[in-house]
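Chain order of the listed sequences is A and B.
According to UniProt numbering, the first sequence is numbered sequentially starting from 1.
According to UniProt numbering, the second sequence is numbered sequentially starting from 1.
Careful, some of the hints might be misleading.
[What the hints assert, rightly or not] Each computed BS3-like pair below joins lysine-lysine, with the alpha-carbon atoms no more than 27 angstroms apart:
id : chain 1 : residue 1 : chain 2 : residue 2
1  : A       : K187      : B       : K24
2  : B       : K59       : B       : K39
3  : A       : K96       : A       : K84
4  : A       : K126      : A       : K84
5  : A       : K187      : B       : K27
6  : B       : K24       : A       : K52
7  : B       : K24       : B       : K56
8  : B       : K39       : B       : K24
9  : B       : K39       : B       : K27
10 : B       : K59       : A       : K52
11 : B       : K39       : B       : K49
12 : A       : K52       : B       : K27
13 : B       : K49       : A       : K187
14 : A       : K126      : A       : K52
15 : B       : K59       : B       : K24
16 : A       : K52       : A       : K84
17 : B       : K59       : A       : K84
18 : A       : K126      : A       : K113
19 : B       : K24       : A       : K126
20 : B       : K56       : A       : K84
21 : B       : K27       : B       : K49
22 : A       : K52       : A       : K187
23 : A       : K187      : B       : K56
What the hints contain is simulated information worked out from the structure, not anything from laboratory work.
These numbers come from a predicted model, not from an experiment.
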Amino acid sequence: MTVQNQATQLNTEDLLARIAELETRVEALEQAPAQDIEDRLAMVVFSGDLDKALAAFIIATGAAAMGLEVSMFFTFWGLSVVRKGRSFEGKNAIQKAFGALLPAGGDTLHLSKMDFFGAGAALMRKIMRENDVTSLDELVALAQDLGVRMVACEMSRELLGIRDDELLDGLELGGVATFIGDASRSKITLFI
Amino acid sequence: MTQNIEITQELDVRGLNCPMPLVKSRKAVNALPVGGVLKVVATDRGSVKDFQAWAKTAKNIELVGQEEVQQDGQTLYIHYLKRTS
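So here's chain A without its partners, still in its complex pose (with noise of 0.2 angstroms):
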């Protein structure tokens, strides 16, 4: 009898241990942001081009009306998609140049191929507004809209000499945590 007792109570106490180590695995398991993946699409955006833009946009706002949380990374030449307009204030030289050439936003992009100084990227704009199809300030206004994120690499933008006035109100500005933040926890995510 008393070697039977004994054995349950070691059985027991076994049990106990061993649920507790469980149950401190899987709060460690819960916490990790990188175990979590969840309904999310994390997109770098790394070209300044027209038609690239058009599809980052497209995309982004497609997966938000589908559901997905969006979060959307605007690095190097992407910036120039964010980017409102254009102030030479306080700049150097060289940022001077670098924001005159840069394009500004959804009418002063230019497509990847085809462009012809910037001809062909007027002919595109012509065709879409004919076939009804969205522009992309419109696109990047509803993306804002249905709530995706966009963040701006302050890297890039220090480098390129866009100062913060020049990005879209509403732009969050991080690094590549911030991204891989996001992508660590996305189903999807597109370098476009």
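Starting from the structure of chain A, add chain B where the hints point.
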């Protein structure tokens, strides 16, 4: 099959292209009561597969019917979306 569906609200997205039919429908579905059905009238041919994919991905939407109708020499793509939760 689609004749027996009770429609709560109708949405006209004729002339609109991707992604607008989806975005407008999402907004309309959000305003729908649970169990309500949204009828979407579109001219975008891509919307047929789009709405099927959306219903498969989304947890609270069911595609209860789709049909094609010829009207004034134009093909209309009609979708019936039900909000399930």
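Outcome of the hint check:
{"no.": "1", "hint": "K187(A) x K24(B)", "verdict": "holds, 24 angstroms"}
{"no.": "2", "hint": "K59(B) x K39(B)", "verdict": "holds, 19 angstroms"}
{"no.": "3", "hint": "K96(A) x K84(A)", "verdict": "holds, 16 angstroms"}
{"no.": "4", "hint": "K126(A) x K84(A)", "verdict": "holds, 21 angstroms"}
{"no.": "5", "hint": "K187(A) x K27(B)", "verdict": "holds, 23 angstroms"}
{"no.": "6", "hint": "K24(B) x K52(A)", "verdict": "holds, 23 angstroms"}
{"no.": "7", "hint": "K24(B) x K56(B)", "verdict": "holds, 18 angstroms"}
{"no.": "8", "hint": "K39(B) x K24(B)", "verdict": "holds, 12 angstroms"}
{"no.": "9", "hint": "K39(B) x K27(B)", "verdict": "holds, 13 angstroms"}
{"no.": "10", "hint": "K59(B) x K52(A)", "verdict": "violated, 30 angstroms"}
{"no.": "11", "hint": "K39(B) x K49(B)", "verdict": "holds, 16 angstroms"}
{"no.": "12", "hint": "K52(A) x K27(B)", "verdict": "holds, 26 angstroms"}
{"no.": "13", "hint": "K49(B) x K187(A)", "verdict": "holds, 21 angstroms"}
{"no.": "14", "hint": "K126(A) x K52(A)", "verdict": "holds, 17 angstroms"}
{"no.": "15", "hint": "K59(B) x K24(B)", "verdict": "holds, 18 angstroms"}
{"no.": "16", "hint": "K52(A) x K84(A)", "verdict": "holds, 18 angstroms"}
{"no.": "17", "hint": "K59(B) x K84(A)", "verdict": "violated, 37 angstroms"}
{"no.": "18", "hint": "K126(A) x K113(A)", "verdict": "holds, 17 angstroms"}
{"no.": "19", "hint": "K24(B) x K126(A)", "verdict": "holds, 24 angstroms"}
{"no.": "20", "hint": "K56(B) x K84(A)", "verdict": "violated, 37 angstroms"}
{"no.": "21", "hint": "K27(B) x K49(B)", "verdict": "holds, 19 angstroms"}
{"no.": "22", "hint": "K52(A) x K187(A)", "verdict": "holds, 21 angstroms"}
{"no.": "23", "hint": "K187(A) x K56(B)", "verdict": "holds, 15 angstroms"}
Violated hints, in rising order: 10, 17, 20; the structure is consistent with all others.
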